[in-house]
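Build the complex: two chains, separate frames, hints provided.
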Amino acid sequence: MNVPNRNMIDQNRRPRLVVERVSSGYGSTPIVRDVSLAIPDAALTILVGPNGCGKSTLLKTMARVLPASGGRVVLDGRPVHGMPTRDVARRLALLPQGPVAPEGLSVRELVAQGRYPHQTLLRQWSRADARAVEAAMEAADVVRFADRPVSDLSGGQRQRCWMAMVLAQETDIILLDEPTTFLDLKVQVDLMRLLRRIAQEDGRTVVMVLHELNVAAAFADLLVMMRGGRLVAQGPVGTAFTAGALREVFGLEASVLTDPASGRPVCVPLVAPRMAVAAE
Amino acid sequence: MTGPILPRRGPASRAAPLAGLAVLALAFVWHVSVGARPIPPGIVAEALLAFDADVLDHVVIVDLRLPRALCAVLVGAALSVAGALMQGVTRNPLAEPGLLGLLIGASFAVVLFVGVLGIAPPAMIPLVAALGATGAAAAVWGIAAAAPGGATPLTLILAGAAITAFLGALVTVATLLDERSFEELRVWLTGSLAGGRLDQALWALPWLVAGLAVALGAARQVTALAMGDETAIGLGMDVGRLKARLLFAVVALTASAVAIAGPMGFVGLVVPHAVRLFAGQDYRRVVPWSALAGAAYLLVVDIAARMVLAPVEISTGLVTALLGAPIFVWLVRARL
Ligand SMILES: Nc1ncnc2c1ncn2[C@@H]1O[C@H](COP(=O)(O)OP(=O)(O)O)[C@@H](O)[C@H]1O
Ligand SMILES: [Mg+2]
Chain A
1 MNVPNRNMID QNRRPRLVVE RVSSGYGSTP IVRDVSLAIP DAALTILVGP
51 NGCGKSTLLK TMARVLPASG GRVVLDGRPV HGMPTRDVAR RLALLPQGPV
101 APEGLSVREL VAQGRYPHQT LLRQWSRADA RAVEAAMEAA DVVRFADRPV
151 SDLSGGQRQR CWMAMVLAQE TDIILLDEPT TFLDLKVQVD LMRLLRRIAQ
201 EDGRTVVMVL HELNVAAAFA DLLVMMRGGR LVAQGPVGTA FTAGALREVF
251 GLEASVLTDP ASGRPVCVPL VAPRMAVAAE
Chain B
1 MTGPILPRRG PASRAAPLAG LAVLALAFVW HVSVGARPIP PGIVAEALLA
51 FDADVLDHVV IVDLRLPRAL CAVLVGAALS VAGALMQGVT RNPLAEPGLL
101 GLLIGASFAV VLFVGVLGIA PPAMIPLVAA LGATGAAAAV WGIAAAAPGG
151 ATPLTLILAG AAITAFLGAL VTVATLLDER SFEELRVWLT GSLAGGRLDQ
201 ALWALPWLVA GLAVALGAAR QVTALAMGDE TAIGLGMDVG RLKARLLFAV
251 VALTASAVAI AGPMGFVGLV VPHAVRLFAG QDYRRVVPWS ALAGAAYLLV
301 VDIAARMVLA PVEISTGLVT ALLGAPIFVW LVRARL
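In order, the protein sequence lines correspond to chains A and B.
Residues in the first sequence are numbered from 1 upward in steps of one, following full-length UniProt numbering.
Residues in the second sequence are numbered from 1 upward in steps of one, following full-length UniProt numbering.
Do not rely on the hints blindly, as some may be mistaken.
Unchecked claim - Derived list of chain A stretches under chain B, where covered just means 3 residues or more per stretch with a C-beta under 8 Å from a C-beta of chain B: (1) 63-75; (2) 80-91; (3) 114-124; (4) 153-160.
To be verified - Selected chain A positions facing chain B (Cβ under 7 Å, derived; list incomplete): (5) P96; (6) L105; (7) D172; (8) L194.
Bear in mind the hints are in silico, worked out from the structure with no lab data behind them.
Even glycine gets a Cβ: it sits at the ideal position worked out from N, Cα and C.
Isolated chain B, as found in the complex (with noise of 0.2 Å):
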């Protein structure tokens, strides 16, 4: 009856991951296509397989479309895949970047260096917010750890709301004082894929693959963590060094997109649960379509950024909240 494949639920079929690709290729010849002057796919195909330098089209495509389009790939895949992670590890459905803090503590250490310091080699900008994700994740987990019934769920999306609201308010402190330096900062901080940073992307990638490699290696071994330390020790899991590992990862995957993109609340929290709709609860398969799917809903997101008050754009970021929010409420009802 079962082949020697994964384990798997339903009818899902070995098409599936090859139609998960053909969906993304798809949304990304779209985002590519939309725009001030709008290409057609035809030409976007054209500009993609047979650059010509001579063609306007083909240079606003490679130029300034190109670089955008791989942005959203890449923070919406890293975001997705961290918030898979901390899902499985913490065995709490409603972990992500941007509930337990690490969007906002990534962003506030940004903010410090590059606006108050004046200190922003591109270089650098992936490690400090790295320092800043992992110091916010520290203080959510202290305070919750620190509250009557430890470390729930509850006790950390609560602990979580309270250090986004103070570093968010410092963040708006140091905005408010130096009016003209963080004239750049203050569109990136509302989570924007505008304005090509693609600089910045070329030093966050290395730290963005390194963090995917990780949590698609380790992926078979989330699914028995979340069944409890016990477990996964008795399986033949070095929990500690595990748990290390997939730290790196998540805090490698948030800092790069936020140093690409700024902070984009919801992703990891929307993408994977979609993603368990049809491919169930393991984490090696979890982790991938995360990535796909993570990678196809930003570039969705964007155009719609970019296209419901058109001429007009709103930053990414806002549109990924508007969308989150009403489902975290459902996940609250539904799991908490």
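The following block holds chain A by itself, in its conformation from the complex (with noise of 0.2 Å):
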């Protein structure tokens, strides 16, 4: 009934990803501007924001993808830009928003690929590889078609092989752009629920960018508002998913109700402002 359980990592130690006043783009035109952000560890952070504010760009910087133009994103204590790609590769992964297998790669040689940061050139594939390859497939559900070509799956089915192939690089630290994008509610809530469990069986630390108010409403330890660029609101649900945050980020004239089930909040478009339902 009551709002689910915070995180139970001490809150005096400093979190593992630290987003330090980064600015980050494309040459010279700075898509990101000067955000701070501590992700909490062992939870579920959901950025949400309209298309094109700079989600993705966010998220490609903590990754290392992108460089910073300004600022820094520290990753246990280090700037992470700085940190060996190989290193950083054993701590966090990314899942990139719409990636593309190759033609006929079967999924499980896709989910193998996750093992790369723990292999070497002389010890190319050990008994740890093919069990966290086993072990990701389980958890993602993607065993019964392990030996099928990625590419003649559904997009549901798809998109789990690929959270397999993340699952499989065993980081504490999982960044994920639109993992649901293009896929039916019940799979969207299928695949969140097993990434809340990530986050709170495993300890593991999520980020995640989301298009699903609702669905980043319900599951969202911390919530990330962003817009043209930089943080507008974050906090928990509760305190940063209301009507004035969703008008102000989005545009959006939406209640903001409760859900009774869970206690977490829900918004409801408002189609004519005259036809609007009375909230309580």
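If you want it as structure tokens, here you go:
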């Protein structure tokens, strides 16, 4: 009934992943401007904002795929852009937006790619690798089509395969860019449950960009709202997910209700102001 | 269920590489036994294992036929691996040294230096060819990138065709201007394993071996690279350095193949795609299998080149083109 328990990590300890006044973009034009954000450990952080506001750019900068033109991203006390890239890949995994698997690559082959940062030229495939791949396929529920080509699967199945690849990387921190786009609501919710379990039971840190506002509100431990390359609001869903914030960030007129079952807020867009239903 | 082995598809077993090597050995012996004077495989094996300088067949085998078979192995492996790498890195199923202009670039540079300028110590040929291949590849990329929509598989192929036509015309003009000094180059320009260019092969060998070594070492990263730069970086790859290494491998392999046997079109297209049918899409297997299958393929093609119209011999490069063009058309229909 009550709001799910916040993470149990000692609040005095510095989080493992911290964004400090970061600006970044492509070429000379900055897209993300002066963003500061401490990612809570062992929790689910969800990033929302209108299209083109810089969510992917911020996530890519956090994952050192893009350089920061200002500020820095700190991972385990070190600037992530200065760390050896394999070292980063053993701590932090990234699933980019809309990834494409080569035609004909099997699910198992795809998931096995996640083991790259744990392998060396001389020790290319170990028992630990095989175990991690099996466990990841189990968790993402893709064992049934392990030997089928990824390109033959449905959108939801394919998305779970990518999830399995990221899980096989066995990192404590996982960054995901819109992993639920184009999926049925039911499939979205299954995926979100999986991610919440990973955060709560395995103590892993998940940061994701999400399109679907109500799904974000239902699952986020920390909700971060962006607009025009800047952070507009951040906090637990209860305080961040308000009608005022939705209006400011998305220009969306909506009522925010409380789901009696979960105690989580839900937004209902106002179709026509006069027909608005009383919230209480 | 799965042991601590490479994730694999289907019932392929650990015996597969051995079977592949056995096929290669058979093709090799067959290749050596075929010729104007057929030599039974038994004698071939004898000459290879217990050479006797007093036996004429042994001398024919070791002095004439062995070099040609070895050249076929090297060139077939080099072009196939170069094609496989190019397809992975550019995410373009039609990428291949010939179609993207590298072969004609290398040939043009060699013709320019050897035929026109007349400077050609054999040690220089692979370097000259590498220079030409790199220049042509850069031109093809530049033209394709400037086209509306950027460097797509289609614009790359079109730019490759344009550069091939342009440099091909220049090569033809050069050969017409000076018939005599181009006597030898003319056969070479059709892609030929005839004429025992063993000295050339020895100078190309270090580049070829280096290219193969880099390709095999980087193979496991190519699969991730084929999924996009962002995914590859996320997995902990230094994408800039990786691409530079792969470019070196492609250029070194292409240039040494051209130095040995001239331009052989479509080998880099046909072999990797055939390999994918049984080895899957993971470059950890595609690259070594392409080397093996490419060597066997060119041996068999060269046998055909000598046998189909015997006693007349046709250029091996003509046969690879005759076999490759229909497969190219099929790929365009199926994949583009
Ligand atoms: N590779 C790129 N090169 C140049 N501009 C880009 C690139 N990717 C995104 N942009 C621009 O950056 C802005 C923010 O994009 P992005 O971070 O992808 O937004 P979001 O993920 O919030 O939808 C957009 O205006 C987009 O056009
Ligand atoms: Mg985005």
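**OP:** Please name the hints from earlier in the document that this structure breaks, with their numbers sorted from lowest to highest.
**Re:** Per hint list: 4, 7, 8 violated.
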